[in-house]
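Undergrad: Sequence:
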Amino acid sequence: MQVKQSRYPIVISLPICHYDDTESAKAARRQLKETIYSVLFDMNVPAVCAIDQVTLTLFAARRTSGIVVNIGFHATSVVPVFQGKVMGRLV
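For the sequence shown, the working numbering gives the first residue as 13, with consecutive numbering after it.
Just so you know, the hints here were simulated from the structure itself, not pulled from any lab data.
The structure displayed is predicted, hence computed values, not measured ones.
The beta-carbon is built from N, C-alpha and C at its ideal position, and this holds for glycine as well.
A couple of the hints might just be wrong.
[Claimed, not checked] Beta-carbon label-pair distances, calculated as ranges:
| hint | residue 1 | residue 2 | range |
| --- | --- | --- | --- |
| 1 | Ile-83 | Glu-46 | 23 to 33 Å |
| 2 | Ala-40 | Met-99 | 14 to 24 Å |
| 3 | Thr-88 | Pro-21 | 10 to 20 Å |
| 4 | His-86 | Ser-25 | 35 to 45 Å |
| 5 | Glu-35 | Val-15 | 17 to 27 Å |
| 6 | Leu-26 | Thr-88 | 12 to 22 Å |
Using the sequences and the hints given, assemble the complete structure.
TA: Here it is in structure tokens:
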């Protein structure tokens, strides 16, 4: 695309179809984010924001709280979000 990556920030949308609130799952997600950030910053990307798809869906509708129903090809998920945070214990 011949775009200078050093001029544009990047938003990464993270899937949330299999939400796991265990410490090992949190650590794995944190490690994934850190790896992505490291690679992109090595490419001189000025800023990176990783946010889950459910929250992005609500933000697109100018909402911070709601219930997002995601009907996918293989799975359907219903995810409650309150003030921009996924209510993991309810998923």
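Undergrad: Now tell me if each hint is right for this structure.
TA: Going down the list of hints, with the structure as the test:
no.	hint	verdict
1	Ile-83 with Glu-46: 23 to 33 Å	holds, 32 Å
2	Ala-40 with Met-99: 14 to 24 Å	holds, 20 Å
3	Thr-88 with Pro-21: 10 to 20 Å	violated, 32 Å
4	His-86 with Ser-25: 35 to 45 Å	violated, 18 Å
5	Glu-35 with Val-15: 17 to 27 Å	violated, 39 Å
6	Leu-26 with Thr-88: 12 to 22 Å	holds, 18 Å
Hints 3, 4, 5, counting from the list given before, are not met by this structure.
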